[in-house]
Amino acid sequence: DAKTTQPNSMESNEEEPVHLPCNHSTISGTDYIHWYRQLPSQGPEYVIHGLTSNVNNRMASLAIAEDRKSSTLILHRATLRDAAVYYCIEAGNMLTFGGGTRLMVKP
Amino acid sequence: EAQVTQNPRYLITVTGKKLTVTCSQNMNHEYMSWYRQDPGLGLRQIYYSMNVEVTDKGDVPEGYKVSRKEKRNFPLILESPSPNQTSLYFCASSLYGNTEAFFGQGTRLTVV
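Quick note, the sequences are listed as chains A and B, same order. Our numbering puts the first residue of the first sequence at 1, with every later residue one more than the last. Our numbering puts the first residue of the second sequence at 1001, with every later residue one more than the last.
No lab work stands behind these hints, which were simulated from the structure alone. The beta-carbon is built from N, C-alpha and C at its ideal position, and this holds for glycine as well.
FRET-style restraints, in silico, Cβ to Cβ:
#1 B:Pro1061 with A:Arg102: 27 to 35 Å
#2 A:Asn56 with B:Lys1018: 43 to 51 Å
#3 A:Glu14 with B:Gly1063: 41 to 49 Å
On the chain B side, residues computed to face chain A include the following (Cβ under 10 Å):
#4 Gln1006
#5 Tyr1031
#6 Tyr1035
#7 Leu1043
#8 Met1050
#9 Asp1059
#10 Tyr1096
#11 Gly1097
#12 Ala1101
#13 Phe1102
#14 Gly1106
No farther apart than 20 Å at their CA atoms in a straight line, the calculated lysine to any residue pairs in the SDA-like style are these:
#15 B:Lys1057 with A:Met94
#16 A:Lys3 with B:Val1060
#17 B:Lys1018 with B:Leu1088
#18 A:Lys3 with B:Gly1040
#19 B:Lys1065 with B:Pro1083
#20 A:Lys3 with B:Leu1041
#21 B:Lys1069 with B:Asn1007
#22 A:Lys3 with B:Glu1100
#23 A:Lys3 with B:Thr1099
#24 B:Lys1071 with A:Asn93
#25 A:Lys106 with A:Asn8
#26 A:Lys3 with B:Gly1058
#27 A:Lys3 with B:Gly1042
#28 B:Lys1057 with A:Gly92
#29 A:Lys3 with A:Gly92
Bound-form chain A, shown alone (with noise of 0.2 Å):
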């Protein structure tokens, strides 16, 4: 069973900032804190992960809790091209994928 909680759907206007939550609760201390995304007709493609510190790449920022119980995926300008289903997942030896968030972008 997926092990960590996201809202099912968002919604943001084309060039705002998009923070989307995760709640991972249960995660053990030695899982990583991976975020992909779908676009349509796609496979799932890697966006960021994180161990307890703060990650910053290309696409995006991931912002994780002290506690580790919950992270949030920053987009810092939403593209009509990031509309997508966004998967946040506790990593141990294997990827679970959950529902995600379905995130929509309004021009």
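Guided by the hints, dock chain B onto chain A, whose structure is given.
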């Protein structure tokens, strides 16, 4: 270019006719896995392999077989396909189980 390649992309077959979906990666990754994606059920792992000759069941292994004879290839075998295996299948690879995973473009299988 780093990639995971699945073939075929689309397949229609009849019940009971054995089929193989191939998966190949060019990144020298240790870990490979297969998922199926169904409406309302999301992505569920079928089998995974942590290294050559090492495979293990995921969440929904019934009706499937895999093999990992060499690092780059991880075929998914349906010995006797049934209509409930109609689904969208994804292969993935990563250096280890908890590192960045790369997914193939998917194989849409229909069993009639």
